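Please build the complex by placing chain B on the supplied structure of chain A, with the hints as guidance.
There are 2 protein chains.
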Amino acid sequence: MNKHVYFFGADKTEGNKEMKDLLGGKGANLAEMASLGIPVPPGFTITTETCAEFYEEGEKLSDAAIKEIDENLEKLEESMDMRFGDATNPLLLSVRSGAAVSMPGMMDTVLNLGLNDESIKGLIEKSGNERFAWDSYRRLVQMFGDVVMGVEHHYFEQILDTAKETKGVKFDTELSIEDLKEIVVKYKELIKEKVGKEFPTDAKEQLIMATEAVFGSWHNNRAKTYRRLNDIKGLKGTAVNAQVMVFGNMGETSGTGVFFTRDPATGENLFYGEYLMNAQGEDVVAGIRTPKPISTLKEILPEQYDELVEIYKKVENHYKDMQDMEFTIQEAKLYILQTRAGKRTAAAAVRCAVEMVDEGLIDEKTAVLRVDPNQLDQLLHKQLDPIAKKEHESLGKGLPASPGGAVGKIAFDNDTAVEMKKAGDTVVLVRNDTSPEDLIGMDAAVGILTAKGGMTSHAAVVARGMGKCCVSGLGEAKINEKAGTLELGGITFKEGDYITLDGTSGDVYEGKIPTTDPELSGDFGKLMIMADKFRKLGVRTNADTPKDSEQAIKFGAEGIGLCRTEHMFFEGERIKAVREMILSPDLDGRKKALAKIKPFQKDDFAALFKVMNGKPITIRLLDPPLHEFLPREEKDIIEIAGELNTTPEALKQKMSELHEVNPMLGHRGCRLGVTYPEITEMQAEAIFEAARDVAEAGTEVCPEVMVPLIGNVEELKNQKEIILAVAKKVLEGTDIDYLIGTMIEVPRAALTADLIAEEAEFFSFGTNDLTQMTLGFSRDDVGKFVPEYVEKGLLEKDPFQVLDQTGVGQLVKMAVEKGRSTKENLKIGICGEHGGEPSSVEFCHRIGLNYVSCSPFRVPIAKLAAAQAALKD
Amino acid sequence: MNKHVYFFGADKTEGNKEMKDLLGGKGANLAEMASLGIPVPPGFTITTETCAEFYEEGEKLSDAAIKEIDENLEKLEESMDMRFGDATNPLLLSVRSGAAVSMPGMMDTVLNLGLNDESIKGLIEKSGNERFAWDSYRRLVQMFGDVVMGVEHHYFEQILDTAKETKGVKFDTELSIEDLKEIVVKYKELIKEKVGKEFPTDAKEQLIMATEAVFGSWHNNRAKTYRRLNDIKGLKGTAVNAQVMVFGNMGETSGTGVFFTRDPATGENLFYGEYLMNAQGEDVVAGIRTPKPISTLKEILPEQYDELVEIYKKVENHYKDMQDMEFTIQEAKLYILQTRAGKRTAAAAVRCAVEMVDEGLIDEKTAVLRVDPNQLDQLLHKQLDPIAKKEHESLGKGLPASPGGAVGKIAFDNDTAVEMKKAGDTVVLVRNDTSPEDLIGMDAAVGILTAKGGMTSHAAVVARGMGKCCVSGLGEAKINEKAGTLELGGITFKEGDYITLDGTSGDVYEGKIPTTDPELSGDFGKLMIMADKFRKLGVRTNADTPKDSEQAIKFGAEGIGLCRTEHMFFEGERIKAVREMILSPDLDGRKKALAKIKPFQKDDFAALFKVMNGKPITIRLLDPPLHEFLPREEKDIIEIAGELNTTPEALKQKMSELHEVNPMLGHRGCRLGVTYPEITEMQAEAIFEAARDVAEAGTEVCPEVMVPLIGNVEELKNQKEIILAVAKKVLEGTDIDYLIGTMIEVPRAALTADLIAEEAEFFSFGTNDLTQMTLGFSRDDVGKFVPEYVEKGLLEKDPFQVLDQTGVGQLVKMAVEKGRSTKENLKIGICGEHGGEPSSVEFCHRIGLNYVSCSPFRVPIAKLAAAQAALKD
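Protein sequence lines, in the order shown, are assigned to chains A and B. For the first sequence, this note's numbering assigns the number 985 to the last residue and increments by one with no breaks. For the second sequence, this note's numbering assigns the number 985 to the last residue and increments by one with no breaks.
Keep in mind that the hints were calculated from the coordinates and are not lab data. Computed from a predicted model, the values in this text were never measured in an experiment. Careful: at least some of the hints might be erroneous.
Any copy, or any two copies together, can satisfy a pair, since identical chains are not distinguished.
[Unchecked claim] Straight-line alpha carbon distances no greater than 25 Å define the calculated DSS-like cross-link-like pairs of lysine-lysine that follow:
1. 909 to 276
2. 509 to 638
3. 703 to 904
4. 279 to 477
5. 298 to 129
6. 896 to 766
7. 925 to 345
8. 925 to 703
9. 477 to 896
10. 509 to 624
11. 764 to 594
12. 477 to 930
13. 722 to 293
14. 764 to 747
15. 688 to 659
Next up, chain A with everything else stripped away, as it sits in the complex (with noise of 0.2 Å):
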């Protein structure tokens, strides 16, 4: 066995903060800070080696590792020249955990061990504060209590109440020190009454006991599951570190505060923090006492003042990141108590690590590597003020499925929405869910309630894509959208009544709550240029309208990786000859209602040619099923009955034998191609023409005509036959280039990628529909269990925003091996939502795809994601 503890403190530091494996991140931290000078209180770290060593010996410590404890604290005794349990000028330790990574779980702190009822007269004495005495004593044993020997919180907490009660008083502080005495006294019986032991008058025992308790709790229920989930693994323990008490309670010479190197909210470079005198850390945070701008401490310790300075100056240097640290000063003697990594605002983060870099403190790739993708959203949406939010009360919290915030008026069907809009009103469209009928109502509205569906349900989809604010899944909201009525949370909104949306929490507000605009400063600017420089995944955006590729490209997009045609399918006139394309009961029909449907493809596909300018556009053809194009209410199917010369009966007829039990599973994708091929030639001459007149009109095009829902390579040889054919004729006599390719969202499609790649000059990866298939979950239904399996463990995360790598992951990787084993240079992307998340993001550069392809609101999450993907290979 190795050295069980390490010292650290002034000159005799053994460790340093490279050693977090060994020693723990908060032990490697306070060691290093010792190592620079800076007043650190002293101390000894004992092992994660002694942690593994303990379950060894049967969950003890062993002899060898008492023994050490021994040394270092007599160590620690004479460099402070006091003694632990001393009745006369007793030490006083603080015990805490620290692994290497923090986690959940854990053992909580221990403070004041050493006091006893011989030690505490040592402290009144050199204290001179009896009061603060026998309240540090009465903390020490419920803290003891309560972690090392399992008493539950709340006992303690009652005789506490009883106390309080009985003198009428309303905070501890007011309690004199004979109270404090007597609860001294019933804490003590408590733990004698529930654990059958006396709580420990030897100080050297309480730290050994204390010691225990925090290695004990390496394999508690909440840690283990914690390291199983995050796929923690090859830790040996944590780390236990005990250290003296310092107190900032002594005086008017004694504080205690907290700072940041930087304005943690706006990352502006100035000494940000505040203080209070005569007082403990815990008062900081009580909020009984209102705390001091630290800049007025230069006015009451000014030599400690600069001496903080220097010190925050010197950690900031060395660590070279923003620093949030602690401190404390007893009786005119600064300690730094903590420092580690601030944390900040996206906004902060930004210009800090963008400062940084100008400061000569950062490189690059290490700025890059400083933010957090996720994030960047934060300030690519309109968010809700989050001061003002504080004032105002959640009614209900249902899945963040877009984030930003939206106050509005709230609007139950399209046409009110429209009318609302058009008379100048904000509004909030407000659902059971959406279908794509609700486009035109969504355009209209600056954020969407729904009550049902997943966080990939249409509504949160397509409200991504628009950059719009959207809630989904708030299953407590009553919506009756015939009666006109929501009712959540005790209120009952009418049509009209405002509403504010919180897309990036969840939560829905009565009434108005201010927002604050998108910030984006020249900084992210800058950062975005860093990350271009690095990142080796190529970034595209789902978009199907002229208006979301503009915004996609000024975020920075290179091209459309999933352009859906059926969403031009909807509006006006279009979504008339849809239908009765769909009601044509041979294929003269068919033809004839395809015919009307056809220009008005040619115009939206040369709109979006024009727009990108010689960017690749990966055009999709048509997916849903066909009944999605149906009307579903009674008074749209009379009238839409009356516009196609047909009766509500056959309408209905038609709906029920379009009518499917699993739509997800059905007549859909490159099924409806082979089984109407009309379809598919009308889409691909649309396509085509389209690019040939855009080109002849000197714009660049690069189509990419994708397939959707393979499964087997005959659909795809069946489907690009009928686009060959096409192309052919409207592209003869000019050089465009196009390709054709098809989408991986069937398992067969990926478990025989091999031979579809024979077939396919590109690929891209639906992993929406790839994870509802391959796990099994329909993403419109999962809302009934998903949450709580992330509840209980079963999943960590919900599967449609954060790619399943060990399953779905598994799948897809196999699909580009395999894919690439007979076509080399297969073009790959992926167009699912996981296009835009970071962790699935760094899963796609590493398994080598070509480009992500996410919505326009993502896209510098995305480029910010392969950048940092890139740096960590």
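For chain B alone, kept in the frame of chain A given last:
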């Protein structure tokens, strides 16, 4: 290049029956017979290698090949002492294709090659029958024009029809010599007009052209598609057989006939056949004259009859299989034209195989390989009388969902079906589709007809399990269940009308057709005993009731591989309690309802344990989504709301909450057990308590608890914990062994089988659902495109009937390998419908499964298929 041409005939024969790759099946058999001394008309075979060479040479015969053809032609002329194309003693030839594997699309036969305006004179003279000679010539020109020169068949028919009309006659045979001459002239003009070339009068040219036409047909689209779909690879091409023509219509000592070496209907060992004197082969088939039984030939040509008997015995003895042979007697000289294995009924196949073993002709292995497992189905069900059936016209053809014949009165709902049965009628249940609610009606019926649903729809699966006839997916049937009408083939049936179903073919007939009873003769039993000696796969059954289980044991099932517990949920009081559970708003309510269901479940399991008497029973926990148990019809909703003390509105509200867009991928299987652990607990209690009680009463029990729809090992852990806790509680103090395992039916389960195997004691492949998810095919909806896929050649077979080995099979194989990589001796079976399909059974054997499980009536089929798979290994 090797030898191009192989001669056969008497002592000069160069080939034999082992040379199928080179000479094709037909050529090899002709050579074999010639070698045996059988009087085969001599000829020669042009090899398959020559076919390959033909393509290498740019679709023409090489000089070397033509030279060899010439040499062999000379040899033939010598041996026959006749001259090809000669005006006085003309040799005539037939040309036929023949590859190693027979396939459609290849060029048809051309007869009478060598006839022209000169040689016909010789034929007239030699035969003394001018009409015969001209008719032969006419046939040559027609066949040659059609198959060699590509003039469509119907043009020739037109000329012939016009001639008959002009003459006012009905049959070809009524045309005069002059008529025939005129037709020959017109045929030649037709060829000239359509092809621009003359009909070749040179005999040699005819032969070369015919040979090239055969080779040319090797690469036609139909043949290529057939080879691709059937995965026929590595064939060099087709061979060509040129053979001397013999004629059975040269007078009273000539004749022609066909015979089998055993009775092809019963398998009885006797000389079975028929013949016509003074006739050509076509006349036997055409049905103008009635052929006579072969035994009567003994009186007319006793010498030739005896020769035939000698030959048939010799040939059967040589080939060791029942032969189907053709003969011609030309002027008292007997020729054998062909021999091949005879097509036979299932009964004949079984009897032949078993008796040939008894006779010492073949060994048991050969006998087992001799019977097509698919055919056995014929023996296991009541069938429509094949002769009576011919007199009826099919009104429509649905899917042959469950074999056998059913005759009964129509009922459109369950109650009526039950009442009619009580009244002593046999009932056919006619529904648009069925759901578990209809089990009672199906049980009361002898056959089921549905308009919707495929081969694995609820109706189909349940009917097969019950061994009842079922025709499903008869789309053209218009069924109005409320009005009680079925419209089909122009007839409107009402309740109580008689209808006949043929579940073996999918045909539906009006009225009553007699049926024949299944015949499980002693030979069948003997064959099964032989099969059991060789097979390595276990064979279990899918059964939920003691009745089905008993049936399956009679058929030789070795256990239950799938007991669907939800099938026990539907009867009487149970369904009420099940609905009460579903509608309970809280856990307490659910537990109360579950307590009512438990005694039923326990009794059901106890009954199964008793019947199975120690054989293993794999019990699957609740699988379908809960909404399947709720009523669908308005009147039932009202009634059930009353029973459950709730309102129809509340019931509908609950139903709408439970509604799923894609129930197949929804809240079902283990997902129910995870969100409602009390259901799993109740089922585990029922299983283990029943096992304990039955064991205590002295019957051995072997329960295997199967958790359905696992996609993630965490789900299995979760459910296993519940089951283990119950087992511990209930089985304490007993020595009952049990297993806990899982279905592999979600693609992700196959992909992560290594992880799942760590927790599972067995796997059972649910290939129905695995096929649905891997292919993205909803089995309830595939009727909209799968038939068209099969028709267009995009799919060879319905993947719900025959396992898709390329796609789904890949996942199955992967799961077996991964599963056994972490648990070496993992027991693995299959319980999807494929478990009773021979080619899928062979696949299961090959990849090392332990057992297959199928519906009771397919157990013998699976056993035979398993034995064959083991023998082929």
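Compare the structure with the hints numbered earlier in the document and write down the numbers of the violated ones, lowest to highest.
-> Numbers 1, 2, 4, 5, 8, 9, 12, 13 - these are the hints that the structure violates, sorted from lowest upward.
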